[in-house]
Amino acid sequence: MLNKNNIEVAKKVFLSIFAISIFYCNFWIMLARSPASELAQKLPISRVAADLFDTFSVFSYYETINRNIVIRGLPKNSPSNHQYASSNEWVNIDLSFDYFPHCLGEQQMRLYFSKHLSLGQEEFNKACKAMANKIKTRVNLKRPNNQLHKISIGVEIWPRSLLGYEYLKEAETTKFTILCVGD
Amino acid sequence: MKKVINLWNKFWFEEQDAYPIAAFRIVFGIYLLIFFLKFLPFVESMFSNQGVYSPFWIPDIAPEPIFSWLIYSLTLVLIILFILGVKTIFVTPLLLFNFLYYFFLNFAVKNSSYDRLIIIFLIILCFASINNVWSIKSPKEKIRKTSVFATRLLCLQISIFYFGAGLYKAFQPSWSNGEILEMTMASNWGTPLAFWLLRLDLPSVFYDLLTIGTIIFEILFGFLLWIRPLQKYVFTLGILFHLSIWLLLSIPEFMICATTYVLFMNPKDLENIGSSLYSRINPKRLNVGDK
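Heads up: the protein sequence lines correspond to chains A and B, in order.
Residues in the first sequence are numbered from 523 upward in steps of one, following our numbering.
Residues in the second sequence are numbered from 121 upward in steps of one, following our numbering.
Derived by calculation from the structure, the hints in this document are not laboratory data.
There's no promise every hint is true.
Unchecked claim - Only some residues are given here: those of chain B computed to face chain A with a beta carbon under 7 angstroms:
1) Ile280
2) Phe291
3) Asn308
Cβ coordinates follow ideal geometry from the N, Cα and C atoms, glycine included.
Next comes chain B alone, as it looks inside the complex:
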């Protein structure tokens, strides 16, 4: 029993360099910034009481346009503070609360998985120290090591997401052949590129193989992410998969999955990437250091 507890503690609570969770904070934060910036021309029509939206599980609490702009501005400020790692112990829960406000006011009606993933990720991040490195913090406050808990939980959550999606498709009769891919691309989600592909009139075996490939990919992908020697190829495959969903089905929001890949990386590799990027932005500072 003691051995089990020790293994459990080692897996969930050992200390590691904070670069993976910090990298995720930045990449996920940039994703959230882009996510909300696309609403900039439509704040009034989506989030104010003069707009067109459908609240779910809450009464209609949309405010006057001026207040909708204030809340929206606060959202952008919170996201920027989150990216910069400023007081994340307060900013992260505030950002979660803020996102939940938008979710129940406007996003829940469309029943999207990526909105739920945003909420799950923010909940998990509320229990983590995510600004130990790569943040606006005084050098004295920066502690390089942090508990691996949130990193592991986020990694497992995204692995389960891929696996669960693949397993679900494996059980669905509609995913037994390629017709689902053809019909989905020909639906109101299909882009001009999707219709161009369909008009090539490729044999049905092409779509059948694509369907089987999608199921196998999703079932295995969550496990492959953990295998460090393969990560370069696995990450590329994942990004291409989500890019195809963007280009063929107009859903760029599933790139949220790709933001989690940094969590699986070796902290040392991330540190080196970070230093390399920093030296490109700030070459003078590096020269001073070299002296």
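Next up, chain A with everything else stripped away, as it sits in the complex:
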């Protein structure tokens, strides 16, 4: 019978289950990020909950190199046939506030697509290409007289220094790799 008392009890039971679920999710994540991570894999949890409660691993590792995402564009009016465009026909696109109004760390996080990479290389490629195409659309909107044919997203790598972010960034020490090219 539905009376006020039963409703109160039902409400408390529901909220208790909710609280226990929150603790379970937190506990699962702690276990998954500990040396006993294999045990966590045997316990059930939804992918959404695991992703939502995965808040503990902040700055979990470091590198001794700097990685900098570089956006380059191939102008529509470049002299060579686009299919055979050489690397010096590509122009650097400044990751200015018009495209990525964030600090450098967040800019780079947004362009590493680590979340998409966790779903597989195909998802990474799709996300990277989609981003390249979005940047192209926006650049071409802003520069109607100097439009771009394609955008590439690449990464520069050079040794990290405590004396400054670009202190050791020189031509000899810097490597460049293309991650994707838009349509």
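Using the hints provided, position chain B relative to the given structure of chain A.
For chain B alone, kept in the frame of chain A given last:
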């Protein structure tokens, strides 16, 4: 068994003055307002189909610029209503849904813990009566007491967050010495202040101690928050910790953790602080009351 149930009910469902959850509503709401106001010059470039963003787990549903502005304006309105405590039984779930829209459209790609904390907090607040006091509500509707459930759950969640972060670092080989702090400050997150500190060329033992200190701080902090006599010092330490992350690593968003400290405070102390602040804003009204 009955004793366990009674203890459980007492811990989760006893009634207390609603000042802690109301204070959190206001402080967290102001945090959300600042969080979204920083996007004001960039609404079109971040949230419209002419912008630059990377949806995650959803198709590309970014609207035309005019609609992105409409949704953004609605977001600000919802946050203001949330802060003022207007119809929070509807506003809080709407705000959650609204934030999830932005999260999957634009924020999820950067994989940040503070975005997830915002979602968790909003989910918990959907199950609470958060506008019993300090809200725009008719005096007849205001009931001073409320269930302690959401307050306790939020307190425990933030305690677990600190503890979990510390425990995680304790297990990580990269956190065994101070090199991780040096290298993180020298990364693309490092601010000019961070590089100035690094250029002082302090001995490595300084960074080693800082690393151990960070781990110990995070492991213990969640427990220390509950000890009322120490709260003044604990809150100060926490705020300084998150300020250092802001100033050295350009991440002000982790101040979200400091917004939860009000939940741990004595409701009576919060009531007195609220009255004191109100009397400074409205001294005439207090004088009338005194008569």
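Each hint, compared with the structure:
The criterion of a C-beta within 7 angstroms of any C-beta in chain A is met by B/Ile280, whose closest approach is roughly 5 angstroms, and the hint holds. Interface restraint check for B/Phe291: the shortest CB-CB distance to chain A comes to about 6 angstroms, inside 7 angstroms, so the restraint holds. Satisfaction of the interface hint for B/Asn308 is found here, the shortest Cβ-Cβ separation to chain A being roughly 4 angstroms, below the 7 angstroms cut-off.
In this structure, none of the earlier numbered hints is contradicted; all agree with it.
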